[in-house]
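S.K.: Chain by chain, the residues run as shown.
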Amino acid sequence: MSWKVAHACVRGSAHQRSGLPNQDAVQCTVTPAAQGTVAVAVVSDGHGSPRHFRSQVGSSLAVSTVAATLQGFLRDSVATDGHVPFVPEQVHELERKIVSGWMAAVQSDLENNPFTQEELTTLEKEEGAEGPAAIANSPELAYGATLLAAAATDRVLLYLQLGDGEILSVSAQGTTTRPLPPDDRLIANQTTSLCQPEAWRDFRSSWVTDGALPTLVLLSTDGYANSFRSDDDFLKIGQDYLEIIREQGIASLAEELPTILTEATQQGSGDDITLAILQDDLGPGAAGATKVPRPLMTADSKSALIEQLKARHSSQQHKLQALAVRVEQTRNDNRRLRNTLLALVVAAIAIVVAVFHSRIFPPSPPRPPLPPATSPAPASKKPVASAGSVRKQLTEEWTLQLKGKEIPLSKGSNIPSHLIHPEAKAGDYPKDYAQVAWNPDKRAMVLINGSKDRWTVGAGQKISANEEVKLGEKPLTIVFAPGVKGALKPVADPPPAESDTPQ
Amino acid sequence: MAVRPGGEYAGRPLHVIWLLDCSGSMAISGKIEALNNAIREVVPAMRKAAEGNPEVQFYVRVIRFSSGATWHIAQPTLLNDFKWVDLHAEGETDLGQAFALLAEEMSKMPAEARMLPPQIVLISDGKPTDDWKGALQALLNIPWGRRAVRQAIAIGQDADQETLRKFVDNPEKPVLRVDNAEQLVRYFRYVSTSVTATPPGKDPAVVPSVPMPRADDDAMW
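Keeping their order, the protein sequence lines are chains H and C.
This note's numbering puts the last residue of the first sequence at 503; the count rises by one with no breaks.
This note's numbering puts the last residue of the second sequence at 221; the count rises by one with no breaks.
No lab work stands behind these hints, which were simulated from the structure alone.
If you're wondering where the values come from, they're calculated on a predicted model, not measured in any experiment.
A couple of the hints might just be wrong.
[Stated by the list, open to error] Facing chain H, a subset of chain C residues (Cβ under 8 Å, in silico):
hint, residue
1, Arg4
2, Gly6
3, Gly7
4, Tyr9
5, Glu55
6, Leu116
Cβ coordinates follow ideal geometry from the N, Cα and C atoms, glycine included.
Modelling step: build the complete structure from the supplied sequences, incorporating the hints.
M.R.: Next up, the structure:
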């Protein structure tokens, strides 16, 4: 197996108009190794805003230092003693090394080329005093750049990314995917960067081995993806570049890349565009490909491959289990939603029935008198006290003592007019003189005055027609009409049952 | 080569959304007429500035708010297709409802890296008459609402500058106060062309190439 590379880096059309340099950089190398080749592709995009005024140097330093670091890493850790796949600690260590290598290169550049007065004056003109202050505090800001890298041997391929840009992997069938997870922070021109404190924490990385190696890897700065109308339009480049390479070979494509990318920046983003392509063997049938026979498998490599397949199988099973859990959760959610909808439909029907009750059903016979005050309230009317609840129970029943009679009252009860005004003719007063109802605003039971009489409650509170008096735990006296006085008393709740008592 | 790799190329979209006060007080001293005239002058200036920036596609939409808030231009409209229909002033200053309508729309905008930060320009001459604080917070909680370039123009001395400042929420972008029709045109043009004239970089436009207008004219409002 041998890797091939092609790359191009063009200045953005908007950069040309505004006089900005090409701030992208790229470096690709292929070197022979003990088995096959070691290929490294590194792309970097220097930031565009004024305070990153040396970002074209920053991106160049990034690609040169990182390419060297990655080659060393692959030679030391893979090509010689064959540690595949990597352990995550190895890769984290590599990421730290990349950042410190870049910082050292920036430091060295600064020592040889200190900031000029002209650079600082221009920065102050564009960003105010804050710009030079930020640079004095963190000089590496001037060099800020992103990083995309792919490093491969014939057995392993490592992807690394810090900041925006795109890495795509393309299978032999042309299926194009992103091997690294997305980073939601990278919208609206925001990016993570080599120049940020503890930049290694923002790396995204992954690796694939042996049978999972793709046919193509495409690394591009964000100017390329931003040039397409949609993400699907961009992802199509995977299949298209594979076909072009199959037809004419990667060397021929490399010559055309600058023209392709220049057209993209002019008709698309206007930003600098860099593309690096790593190409694995194309397999039989490729016109431009040189067929390289794969070495026969040794017993060692066969057992290593079996181990890897086992590990991959176990990881897939793990993912399947996680998916099964999510499916079950979704089913439960759906069930809950269905029940809620059902409850809503029932409630809607209940409301319709309540509103049109009198039209649907004939008038009901007079309500039978409630049981005597001393008898316990029906269990179904009592609010259910939950264990440990300290919520106070509302009084729901009262008795009205009037003219020597005791009239039970609860929600919906009426006081008939003839009780107050026995002498009145039918029509002088409404049938229901007063009614007990629930006032949701006051969160209390009330007695509504359905008559024209002006009641006097307790010490002198006046209740006119359609007004209401709040019913609570305290006894009340109401003078309904001259000489007609009633006494309202709450009916005491029975003590809670043993089982209701908190344990 | 027969095929160009990838699908269709397109410039990067930048959405400009204007929130315009159409309350009853805007009918006094010709403010609403001045705003209508200003927009008729601002749009051609934006088109001209955008010519130097062909890689960006500018889309404009307009929300009007008075008693309630509605889209005056609901469809994102390219500058070249933009046609203005005059606004009329009457009713309250329901800025909170305008924020809520905008937040609803911005929450639907895809989190695509290719989209440039939207620009929202709020123009008002009074104090909000509804609950705007919660609605503004909801707007700022949305990724595109937070990352949008928000700017405000206060018309006359009765405009509630404190509310506008809270909307802008950026000390580098002061609320611009205008006191007559000529200033309104100049400031609105300045704010709008500062976006269309700035090429897409790694940061939203902060230093426009258009000079800041003078503020030494006679006050009418």
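S.K.: Holds or violated: is there a CB of chain H closer than 8 Å to the CB of Gly7 (chain C)?
M.R.: Nearest chain H Cβ about 3 Å off; hint holds.
S.K.: Would the stated hint for Leu116 (chain C) survive a check requiring a Cβ distance to chain H of less than 8 Å?
M.R.: 7 Å, holds
S.K.: Go through the hint on Arg4 (chain C) and say holds or violated, using the shortest Cβ distance to chain H against 8 Å.
M.R.: 7 Å, holds
S.K.: How about Glu55 (chain C): closest beta carbon in chain H under 8 Å, or not?
M.R.: 3 Å, holds
S.K.: Can Tyr9 (chain C) be said to touch chain H, with a Cβ gap under 8 Å?
M.R.: 4 Å, holds
S.K.: Tell me if the interface restraint on Gly6 (chain C) is satisfied: Cβ within less than 8 Å of some Cβ in chain H.
M.R.: Gly6 (chain C) check passes; min Cβ-Cβ to chain H is 4 Å, inside 8 Å.
Checked against the numbered hints above, the structure violates none of them.
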